[in-house]
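Asker: If you want the building blocks of each chain, they are given just below.
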Amino acid sequence: MLREPAGRVPRRARAVSVEPGLSAPTVVLSAADVARVTDRMAHQIIENVAKSDFDAVLLGIPTRGVPLARRLAARIEVFSGVALPVGSLDITLYRDDLRLRGVRPLGETTEPAGGVDGRLAIIVDDVLFSGRSCRAALDALTELGRPRAVQLAALVDRGHRQLPIRADYVGKNLPTSPQQKVRVLLTEVDGEDSVLVEGTS
Amino acid sequence: MRHLLSAADLDRDEALAILDAAARMHSVQTREVKKLPPLRGRTIVNLFFEDSTRTRSSFEIAGKWLSADVINVSAKGSSVSKGESLRDTALTVEAMGVDALVVRHGASGAVARIAQWVDCAVVNAGDGTHEHPTQALLDAYTLRAKLGELADRHVAIVGDITHSRVARSNVLLLRTLGARVTMVAPPTLLPAGVATWPCETSWDLDAVLSGKAHGDVDAVMMLRVQRERMSGGYFPTEREYAIGYGLSPERLDLLGEDVPVLHPGPMNRGLEISTAAADGARSVVLQQVQAGVAVRMAVLYRMLAGAEEVSV
Numbered sequence: 000m001l002r003e004p005a006g007r008v009p010r011r012a013r014a015v016s017v018e019p020g021l022s023a024p025t026v027v028l029s030a031a032d033v034a035r036v037t038d039r040m041a042h043q044i045i046e047n048v049a050k051s052d053f054d055a056v057l058l059g060i061p062t063r064g065v066p067l068a069r070r071l072a073a074r075i076e077v078f079s080g081v082a083l084p085v086g087s088l089d090i091t092l093y094r095d096d097l098r099l100r101g102v103r104p105l106g107e108t109t110e111p112a113g114g115v116d117g118r119l120a121i122i123v124d125d126v127l128f129s130g131r132s133c134r135a136a137l138d139a140l141t142e143l144g145r146p147r148a149v150q151l152a153a154l155v156d157r158g159h160r161q162l163p164i165r166a167d168y169v170g171k172n173l174p175t176s177p178q179q180k181v182r183v184l185l186t187e188v189d190g191e192d193s194v195l196v197e198g199t200s
Numbered sequence: 000m001r002h003l004l005s006a007a008d009l010d011r012d013e014a015l016a017i018l019d020a021a022a023r024m025h026s027v028q029t030r031e032v033k034k035l036p037p038l039r040g041r042t043i044v045n046l047f048f049e050d051s052t053r054t055r056s057s058f059e060i061a062g063k064w065l066s067a068d069v070i071n072v073s074a075k076g077s078s079v080s081k082g083e084s085l086r087d088t089a090l091t092v093e094a095m096g097v098d099a100l101v102v103r104h105g106a107s108g109a110v111a112r113i114a115q116w117v118d119c120a121v122v123n124a125g126d127g128t129h130e131h132p133t134q135a136l137l138d139a140y141t142l143r144a145k146l147g148e149l150a151d152r153h154v155a156i157v158g159d160i161t162h163s164r165v166a167r168s169n170v171l172l173l174r175t176l177g178a179r180v181t182m183v184a185p186p187t188l189l190p191a192g193v194a195t196w197p198c199e200t201s202w203d204l205d206a207v208l209s210g211k212a213h214g215d216v217d218a219v220m221m222l223r224v225q226r227e228r229m230s231g232g233y234f235p236t237e238r239e240y241a242i243g244y245g246l247s248p249e250r251l252d253l254l255g256e257d258v259p260v261l262h263p264g265p266m267n268r269g270l271e272i273s274t275a276a277a278d279g280a281r282s283v284v285l286q287q288v289q290a291g292v293a294v295r296m297a298v299l300y301r302m303l304a305g306a307e308e309v310s311v
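Quick note, the sequences are listed as chains V and C, same order. Sequence positions in the first sequence follow numbering that gives the first Met the number 0 and run 0 to 200. Sequence positions in the second sequence follow numbering that gives the first Met the number 0 and run 0 to 311.
Take these hints with a grain of salt, some might be off.
FRET-style restraints, in silico, Cβ to Cβ [unchecked claim]:
1. D116/V with G82/C: 54 to 62 Å
2. D116/V with D252/C: 47 to 55 Å
3. R103/V with I70/C: 35 to 43 Å
4. T109/V with S56/C: 22 to 30 Å
5. T109/V with G279/C: 26 to 34 Å
6. D68/C with G144/V: 50 to 58 Å
7. T109/V with D68/C: 24 to 32 Å
Residues on chain V that point at chain C, a partial pick, calculated with CB under 7 Å [claimed, not checked]:
8. G101
9. V102
10. L105
11. E142
12. L162
13. I164
Keep in mind that the hints were calculated from the coordinates and are not lab data. C-beta atoms are modelled at their ideal positions from N, C-alpha and C, and glycine is treated no differently.
Go ahead and model the full structure; you've got the sequences and the hints to work with.
Answerer: So, in structure tokens, the structure goes:
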């Protein structure tokens, strides 16, 4: 296990859009931190998949899991020379709160080159919270095929799991209260890289 | 969206949301396991008072691929033939605990009437000569797949406009999506109020197809001559209709190479459409059928997958 870069959490408070009743969001990972954390996750994945001759695929959960999966694949290629296939896995239709929260637009599901059968599938998401997204992703994944094994990579693990699910690769463990909001911003989607926490604990 | 009774029920955002969802749903057709879970535990009844192959089976497949339970009730061999009223039939079926009724009826407005009586969601699968909104959606989906966004595109709809629910729904939806529509038909087959429709009209098919009358056409939609709805007298002979308004091989040559030809089916080959046009490279008739399943999945998903309390 690699250690977290300790004691380097920037405490710069920054005024982005402040919703009424919420204190200004705190930046917990800057753009440089996001890049470092992604690199470390890439190394961890390499360490693991090298054992199975890189027979693995990365599956991003839309929206932000997809660019994250692409970034990980790019860094893994830089560090190891192997390009892992990347796909996306839309979980909207598999969510257990579809009926509670109403219909929403569907994201894209694309099978990684070569499919998932018999390979290690690494699900990539931005924030790991209740674990329900990951459960939905496991269901969605069975429709794509039968991977040899499934792992989970999350940029941020903020705790408060409601299901017996744990990540295999975590960029940053972030202790939060359930009332707080964690927002991951990525350049591909939001125009900048950072991780913010909104609200007070 | 509580019911889908008319293409006019859809504003631009909702229509695009359905078409986008349909594009996602489309991929399930190529999958090994053709099953998605969002309508698990929902019951859909196809209540068809009129014959249909493609619409009914495509609604049935759409519902089943979304994991709903789908039951088909057709008027033939049901209590309707024993003289039960429309209201009683609809209420009886609804009382079994269905979540949605997909209704086709030979009388214009019958589906809207049912929607007033029942509490469940109602989808219009064709009512008389009035509307067929999911057909318009699948046509728009097919056109979008061929042409990209439909704003400022020019679509010619040719044939029996008077008896066509497909034409009505298409004009409304294509306008909502920003396209321009020209209706081409003999004067007898243009409905009385067509001047108030948001489209142009013409009697001259050659002029429209060659772009001389209303500008270049980006797509041509042929309509079926509905013999069963005609009491005669709309045109002298079928042969004369075919000469004036059929999409013959010669007329096909007036169109650009990449102008898609649509037909809602079933086709009267040799009457409104020649075999060269129906089976040619421009024909997207089978893509329309494929799109039908995806679009109906999207409609059922958006109507039924959400919250229990349906917002009106």
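Asker: Give a verdict on every hint.
Answerer: Going through the hints against the structure:
1. Distance hint check: the CB atoms of D116/V and G82/C are about 57 Å apart, consistent with the given range 54 to 62 Å.
2. The hinted window of 47 to 55 Å between D116/V and D252/C holds, with their beta carbons roughly 49 Å apart.
3. Range check, R103/V to I70/C: Cβ separation about 28 Å, and the 35 to 43 Å hint is violated.
4. At roughly 29 Å, the beta carbons of T109/V and S56/C sit within the given window of 22 to 30 Å.
5. Our hint of 26 to 34 Å for T109/V and G279/C holds, since their Cβ atoms are close to 32 Å apart.
6. A hinted range of 50 to 58 Å for the beta carbons of D68/C and G144/V is inconsistent with their spacing of about 27 Å.
7. A hinted range of 24 to 32 Å for the beta carbons of T109/V and D68/C is consistent with their spacing of about 30 Å.
8. A least Cβ separation of about 4 Å between G101/V and chain C falls short of the 7 Å threshold, and the interface hint therefore holds.
9. A distance limit of 7 Å between C-beta atoms decides the matter here; for V102/V the minimum to chain C is near 4 Å, and the interface restraint holds.
10. With 7 Å as the threshold, the beta carbon of L105/V comes within range of chain C, its nearest partner Cβ sitting at about 4 Å, so the hint holds.
11. The criterion of a C-beta within 7 Å of any C-beta in chain C is met by E142/V, whose closest approach is roughly 5 Å, and the hint holds.
12. Proximity of L162/V to chain C is violated relative to the hint, the smallest CB-CB distance being about 17 Å (cut-off 7 Å).
13. A hinted interface residue such as I164/V counts as satisfied when its beta carbon comes closer than 7 Å to some beta carbon of chain C; here the least separation is about 19 Å, so the hint is violated.
The earlier numbered hints that this structure contradicts are 3, 6, 12, 13.
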